[in-house]
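For the record, the sequence lines run as chains A and B. Whatever position you read off the first sequence (first residue = 1), add 27 for our numbering. Whatever position you read off the second sequence (first residue = 1), add 524 for our numbering.
If you are wondering where the hints come from, they were derived from the structure by calculation, not from laboratory data. A couple of the hints might just be wrong.
[As the list claims (entries may be wrong)] Computed footprint of chain B on chain A, listed as stretches where at least three residues anywhere in the stretch have a Cβ under 8 Å from a Cβ of chain B: (1) 136-145; (2) 235-241.
[Said to hold, decoys possible] Some chain A residues well away from chain B (every beta-carbon gap over 12 Å; in silico): (3) Q94; (4) Q119; (5) A289; (6) I314; (7) V371.
[As the list claims (entries may be wrong)] If the Cβ cut is set under 8 Å, some of the chain B residues that face chain A in the computed set are: (8) I537; (9) L541; (10) A542; (11) I545; (12) L553; (13) F664; (14) I665; (15) P673; (16) L676; (17) Q688; (18) L811.
Using N, Cα and C, we set each Cβ at its ideal position, and we do this for glycine too.
Listed below, chain by chain, are the residues.
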Amino acid sequence: MEAEAKVFVASQWQLTWWKFRQHKPAMISAIVVIILYLIALFSEFIAPYAADKYRAGYAYAPPQSLQFFRQTPEGWRPDLYVYAHKMVIDLQAQKRTYAVDTEKIIPIRFMVKGDPYKLFGWFPGDIHLIGPRDPNEIIFLMGADRMGRDVFSRLIHGTRISMSIGLVGVALSLFLGILMGGVSGLYGGWVDSLIQRIIEFLRSIPTIPLWLGLAAALPPDWSPLRIYFGITIILSLIGWTGLARVVRGRFLSLRKEDFVMAARLDGTSEMRIIWEHMVPSFLSHIIASVTLSIPGMIISETALSFLGLGLRPPVVSWGVLLQETQNVYSVARAPWLMIPALAVMLAVVALNFLGDGLRDAADPYVRG
Amino acid sequence: MIQYILRRVMLMIPSLLAISIVSFIIIQLPPGDYISSYVATLASSGELVDEAEIQSLRLAYGLDQPVYIQYIKWMGRVLQGDFGRSFEWKDKVTNIIWGRLALTVIFSLFALIMHWVIAFPLGIYSAVRKYSVGDYIATFIVFVGIAVPDFLLALVLMVFAFMQFNLSVGGLFSADYVNAPWSFAKVLDLLQHLWIPVIILGLSGTAGLIRTMRANLLDELHKPYVITARSKGLPELTLLLRYPVRAALNPFISTVGWSLPGLVSGATIIAIVLNLQMVGPLLLRALMSQDLFLAATLIMLLSVLTLIGTLLSDILLAWLDPRIRFH
C-alpha cells in the first residue's frame, strides 16, 4: 500500500529512475559507459606511458601477461609482475622474434612515477595509475605496434578523442535538432515546410559518400584540433535531421494533448506551456535518442579515420589506431593491433544498451 | 497510381539538381584542383612541370573558369548523356563507371535478399518462440550485427581467413579473370568471391531487421483478430503467415527504401576495405585526387539510387497497405 502511494506522488524523474534501475543490462552498461568516460577524462594518469613514447627495437613486441604470484624460498607469494622480453634474431628468416625471459622479472606497481604529463593540459604530474616500478623498464600489456609504442597506453589515450567526438557531435546535432525541430513543430506553415524540405534533401544524399567528400575536403595542413572539429561538424550535419524529426513530432502530438489544452484554458502563457509542460514530457525521450545516436558517431569517426580521411596521427583515436590494421600482413604478425576494435565494440554495445534502457524507462506507456 | 509515380519522379528532378550542385561544391572545396594535385605528385617524383604547361593543361580541362561556369557546362553535357572525362583515368566517365556500378547494384541486391532470407524466419521464430534457444541465437546475431561496424567485421574476417587458411579475401575476381571478358566461368568466379562481402554486409543489416520484425510481430500476436482466427480452427502456420506476419511487414516495407541506399553506402566502406572493384574505392580515389567529373557523377548516381529506393518503398507500402492512399 505504502509503495503504491509512493508511486502516485513520485516525480517523472523518480519514476524513470526506478524503472531504469530494473533494467539490468542498461545498469551494467551505464557503469561501463561511466568507466569509459572516466578513462577518457584521466587518460594521461591511467596510461602507463605517453601516447607517442616509442622504444626502438621493440617493434611488434607481443603482449606480456600479468603474473600474480611469485615463487620465493618461502613458497608462492602474491606479487604483480611480468616477465621481460628476450629478443631473438632469427638469422635465417632475417626476422626479429621475441621470447619470454622467465629469468628477468619486471615488477608492476600502482601509483608509480613515469612519463611527465599535464592533466587537462594544466596540472603537471608524473604519477601513473599502473606501470613498472622502475620507470625505465619496458612493459607492453597489450603488445607494441610497428614503431614499438605501447598499444595499451595508446588505447587509453585514444579513448578521450573517440568517446568525446560522439558527445561533441551529438551536442551539436542536438542543438540544431531541437532548434529546427522546435521551430518547425511550433510555427508550422511555410517555415515547417521549408525545414522539412531541407531535412528531406539532406537525407536523400547518400551519407557515406557525403562524409567521404566532406572529409576529403578538410585541408591536410589544418591543425589536429581543427580537423577534430571539422569531423564533428561533418558527422552532426546528418545527425541533426533525425533529432529534428523526433522533436517536431513530439511538439505536434503534444500540442493536442489534454494537459496542454488545460494549461492553455487556464491562461498559461505560450512560453510557460512550452518549458513547463511540453519540454519535460519529451526531454527524457530526447535524452534516450541522443544516447542512441552516440554509437553511430563513434563508428563513423572510426571508419573515417580508418580510411585515412578522418583524424590523422599524431592524434590518437581508436580509428587512428586501427589504421595500423589496414595491412593484413602486419595484423597477421601482430594480432593485438586489433584490440582497439574491441574497445569500439564495447563502447557501442554499452551505449546501445544504455540508450535502450533509457528509452524504455522514459516511456510512460511501457510497463517495467 | 501511375500519376502518383509520375509526380514523384518529377519531384526527383529538383532534388537531383540540388544534389548535383552540392556535390560539385563539395568536390571543389579543397584548395587547389586536379592539376595542382597532379603537379604535386609529379614534383614529388622529381619531375618538374613548367608554368606554361600547367596553364595549358588547366585550359584543356576547363579548370581555369569559375566553378559555376564549369558546373553549367558539365550539366549541359550531362543532359545530353555525356558525363565528361575523368582526368586521372584519361577515359570517359561512363566507360569507367559502368562495370563497377553494375557490380555494386548486383552486390547490394544480393545483400538485400540475404537480409530478408535471414531476418524474416529468424524474426518470426524469435517472436513466436520468445525466450527459446532460437530467440537467443537471433538476439546474438542482432547483438553482433549492431555492435560490430561492418568494416571491422570485414577486417576481422579478412585477417581470420588469411591467418587460418592463408587465403586472400580481397578482390572480386581471381587473378586470371580480372581483365577477362565476361563469360560463364567469370560469373562463377565472381560468385565464389562475392559471398564473403555479401555475408558481411548482410549480417550488419540483418540485425536491425530481426529486431524490428520480432517487435512488430510481438505487438500483433496477441490481438483479438489472431485469437478469432485461431478459434475458427485455422492451422497455426497458415494463421501466422496470413494475418499477423502480413501486418508486421508494414514497417518493414517502409524501410526498404532506406535500406537500398544504406546498402550502397555500407558497400562503399566494405568495398574499400576488401578492395572490391565497386563504386566505393573509385569514389574515394576520385575525391582524393579531385577528379571532378568522375566524383560528381558517382555521387549523382548514388543519390539517384537513394531516391529510387525511397520511391520504391513508398510504392510498395501503398500497395501492401490499403489504408494508405496516394496524395
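Tell me, in ascending order, the numbers of any earlier hints that this structure violates. 1, 7, 8, 9, 11, 13, 14, 17
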